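Protein chains in written order, with this note's numbering: chain A, 1 to 198; chain B, 199 to 422; chain C, 423 to 608.
Rather than coming from a laboratory, the hints here were simulated on the basis of the structure.
This one's a predicted model, so the numbers in the text were calculated from it and none came from an experiment.
Hints should not be assumed to be uniformly reliable.
Claimed, not checked - Straight line, CA to CA, 20 Å or less: simulated EDC-like cross-link-like pairs of lysine to aspartate or glutamate:
#1 K434(C) with E86(A)
#2 K304(B) with E186(A)
#3 K298(B) with E86(A)
#4 K134(A) with E291(B)
#5 K304(B) with E133(A)
#6 K110(A) with E356(B)
#7 K434(C) with E133(A)
#8 K182(A) with D435(C)
#9 K182(A) with E356(B)
#10 K110(A) with E291(B)
#11 K482(C) with E86(A)
#12 K134(A) with E535(C)
#13 K575(C) with E133(A)
#14 K434(C) with D185(A)
#15 K570(C) with E86(A)
#16 K482(C) with D116(A)
#17 K298(B) with E133(A)
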Amino acid sequence: MLDLYSPGGSLLHRLPPAAKMLAMMLGATLLFINQSLPLTVAATLVILALYPIAQLTLKQAFAQVRPLLIIFMLFFAVQWYFSGLELAAYVVLRLAALILLASLVTLTTKSSDMIDSMTRGLRYLQPLGVNPEKVSLAISLALRFIPVLAQITREVREAQKTRGLERSVIAVAMPLAIRAIKMADEISDAIDSRGYRS
Amino acid sequence: MIKLQDVSVSFGKRTVLDNLSLDLTERRIAVIGANGSGKSTFARLLNGLALPTTGEVLVDQLNTRKKGRDVRRKVGFVFQNPDNQIVMPVVEEDLAFGMKNLGFSKADIASKTDEILARYNMSDLREHPAHLLSGGQKQLLAISGVLVMTPDIVVMDEPTTLLDLRNKRRVARAVAALDQMVITVTHDLDLIADYDRVIAIDEGRIFADGAPAEVIPAYERLMA
Amino acid sequence: METTAPRGLATKDIVYIALFAALTAALGLMPPIHFAGAALPPISAQSLGVMLAGAVLGSKRGGLALLLFIALVAVGLPLLSGGRGGFQVLMGTSGGFLLAWPLCAYIIGYLMEKDTAAGPAKIGLYVAFGGIVVMYAAGIPWMAFIGKLGLSKSLTIMVAYIPGDLVKVVLATIIARGLRRAYPNL
Chain A
1 MLDLYSPGGS LLHRLPPAAK MLAMMLGATL LFINQSLPLT VAATLVILAL YPIAQLTLKQ
61 AFAQVRPLLI IFMLFFAVQW YFSGLELAAY VVLRLAALIL LASLVTLTTK SSDMIDSMTR
121 GLRYLQPLGV NPEKVSLAIS LALRFIPVLA QITREVREAQ KTRGLERSVI AVAMPLAIRA
181 IKMADEISDA IDSRGYRS
Chain B
199 MIKLQDVSVS FGKRTVLDNL SLDLTERRIA VIGANGSGKS TFARLLNGLA LPTTGEVLVD
259 QLNTRKKGRD VRRKVGFVFQ NPDNQIVMPV VEEDLAFGMK NLGFSKADIA SKTDEILARY
319 NMSDLREHPA HLLSGGQKQL LAISGVLVMT PDIVVMDEPT TLLDLRNKRR VARAVAALDQ
379 MVITVTHDLD LIADYDRVIA IDEGRIFADG APAEVIPAYE RLMA
Chain C
423 METTAPRGLA TKDIVYIALF AALTAALGLM PPIHFAGAAL PPISAQSLGV MLAGAVLGSK
483 RGGLALLLFI ALVAVGLPLL SGGRGGFQVL MGTSGGFLLA WPLCAYIIGY LMEKDTAAGP
543 AKIGLYVAFG GIVVMYAAGI PWMAFIGKLG LSKSLTIMVA YIPGDLVKVV LATIIARGLR
603 RAYPNL
């Protein structure tokens with residue numbers, strides 16, 4: 001399945017996913033504990049410097065923050081008006097640094113590797129009643145269903161287009177959900193037919 | 199061998215199958231009938247996915263009501279729509295799914311996967327996402343996923359209905375080459391011309407039962 | 423034995439959980455709906471998945487479906503509308519809203535389970551409580567914290583989204599009622 005991974009062989013690509021996630025959490029916490037603008041500027045530059053090290057371009061870095069530009073401007077304006085320029089710069093820069101840091105993990109880790117390390121981590125939750133095998137089955141099924149439902153969505157929108165209803169949420173979501181549930185009933189029979197022990 | 203003893207199935211007030219008693223022993227058996235004739239329910243009875251309202255279904259003496267899991271190990275089931283049968287996102291993972299459930303060893307899983315992919319000329323599709331396969335390939339994958347579990351009997355519910363002519367023939371060839379006993383529920387009269395026995399169901403009852411040469415013309419007259 | 427009730431989730435429950443996670447992803451493919459011209463932000467159909475999962479599957483399965491969805495977003499799959507995904511989205515300004523989705527679905531499901539005879543008005547009320555009140559109660563403090571904004575200013579920003587969310591409540595109620603009629607034994 002298509003993920004947001006950017007292929008490469010850098011040190012960051014090779015680090016185990018769990019280590020990257022921990023490092024990211026730690027970095028994010030530090031960003032929020034720190035209240036000084038100069039340190040936040042420095043942190044942002046360090047995080048940006050990690051992009052070329054991870055064989056990523058600054059264009060890719062910018063693409064991560066672009067969807068948030070409007071909200072950044074809004075935050076900046078509100079903070080500037082109420083609390084002054086320095087705080088406005090600190091808040092928006094801290095947010096950008098956080099996004100860039102978290103994006104590094106997403107861009108350098110395959111989803112499949114992340115899922116593997118997540119399901120391995122689930123065994124620690126077994127005492128709480130979590131069944132790792134059921135979780136893996138649910139993950140695999142969801143990955144299997146997403147392209148199928150995406151295809152059904154396209155088909156339904158196509159069909160509704162002839163009636164001018166392709167943008168109507170009800171005219172698309174209702175048949176989509178009905179077909180999806182019908183599929184679910186049969187696939188659940190198929191799973192039982194193939195010896196699955198729930 | 200599968201034995202139906204006085205089997206009826208009803209959903210609420212509607213009787214779907216009405217007092218059937220049959221011994222299914224032939225190597226190739228077809229079940230035909232119009233939409234809503236009860237033939238899909240009939241197929242589901244054979245591996246315990248559906249249970250009779252009254253009467254019993256016995257697979258090699260095992261009662262589907264009590265030994266459902268053991269029955270499903272003996273009776274593989276292929277559904278009409280392979281999209282509803284393929285469980286895992288990638289071809290080899292899907293083939294491994296049933297085998298893992300039955301506790302096959304890793305080595306066994308690997309060798310059976312190699313063997314079945316080679317048999318259907320799909321070796322290069324091993325790591326392919328299942329949703330990108332063609333309709334015919336999907337149905338062959340669905341059939342393969344059942345065959346690797348080494349069932350004694352394979353039940354197919356309209357396996358060719360959604361396929362084009364070329365893929366229909368491909369699946370028909372694959373089915374013809376199976377060593378197992380096969381019970382096919384279908385509308386596709388070409389698929390079953392050389393079967394050993396054809397059972398025609400109409401409104402929940404057996405309308406005709408015998409060799410294809412006798413049953414198919416009678417069925418065609420009924421449908422006309 | 424086949425007939426004994428399985429411990430925890432049966433096969434069918436697992437399938438439905440995966441299905442509604444996937445359905446939420448598929449709803450993200452609908453183009454955003456523009457209404458009221460440029461005066462209000464466009465709404466994405468995606469949080470309909472949250473409301474439907476809760477209203478159709480109930481508390482436990484609905485909550486788990488959205489937990490699964492959020493986990494798949496976290497591992498880097500571009501399942502949020504506009505093809506967004508990864509930790510960065512969950513940690514961004516709208517992270518609180520997204521992380522609240524499992525809870526929202528759970529609460530909608532819980533309310534529906536307590537009142538199985540609910541008519542459309544009550545269903546709409548339950549969906550609005552879980553899908554708006556609970557979601558905003560989690561999302562706004564998060565936004566306030568991450569942007570050092572304070573609650574009242576964050577709330578002001580979010581007011582523009584309330585009309586769109588009300589539209590979704592109506593849509594979700596209609597669809598959920600339709601599905602519960604089509605499949606009474608879900």
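Going down the list of hints, with the structure as the test:
A hinted pair counts as satisfied when its Cα atoms are at most 20 Å apart, and K434(C) with E86(A) does not qualify at roughly 55 Å. A C-alpha spacing of about 28 Å is found between K304(B) and E186(A), which places the hinted pair above 20 Å, so the restraint is violated. A C-alpha spacing of about 60 Å is found between K298(B) and E86(A), which places the hinted pair above 20 Å, so the restraint is violated. The straight-line distance between the Cα atoms of K134(A) and E291(B) is roughly 16 Å, inside the 20 Å bound, and the hint therefore holds.
For a cut-off of 20 Å, the pair hint linking K304(B) to E133(A) stands: about 17 Å separates their Cα positions. Proximity of K110(A) to E356(B) is assessed by CA-CA distance (about 39 Å); at most 20 Å being required, the pair is judged violated. Between K434(C) and E133(A) the alpha-carbon distance is near 15 Å, which keeps this suggested pair within the 20 Å criterion. Restraint check for K182(A) and D435(C): satisfied, since their Cα atoms lie roughly 14 Å apart, inside the 20 Å limit.
Proximity of K182(A) to E356(B) is assessed by CA-CA distance (about 17 Å); at most 20 Å being required, the pair is judged to hold. Restraint check: the Cα-Cα separation between K110(A) and E291(B) comes to about 18 Å, which is no more than 20 Å; the hinted pair holds. For the hint linking K482(C) to E86(A), the alpha-carbon distance of about 46 Å lies beyond 20 Å, and the restraint is violated. For the suggested pair K134(A) and E535(C), the alpha carbons sit about 24 Å apart, so the restraint of at most 20 Å is broken.
With a CA separation close to 45 Å, the supplied pair K575(C) and E133(A) exceeds the 20 Å bound. The suggested pairing of K434(C) with D185(A) holds, with an alpha-carbon distance near 7 Å, which does not exceed 20 Å. The suggested pairing of K570(C) with E86(A) holds, with an alpha-carbon distance near 13 Å, which does not exceed 20 Å. Under the criterion of a C-alpha separation no larger than 20 Å, the hint pairing K482(C) with D116(A) is inconsistent with the structure, at around 24 Å.
Taking the CA atoms of K298(B) and E133(A), the gap is about 12 Å. The hint holds against a cut of 20 Å.
The structure does not agree with the numbered hints 1, 2, 3, 6, 11, 12, 13, 16 stated previously, though it agrees with the rest.
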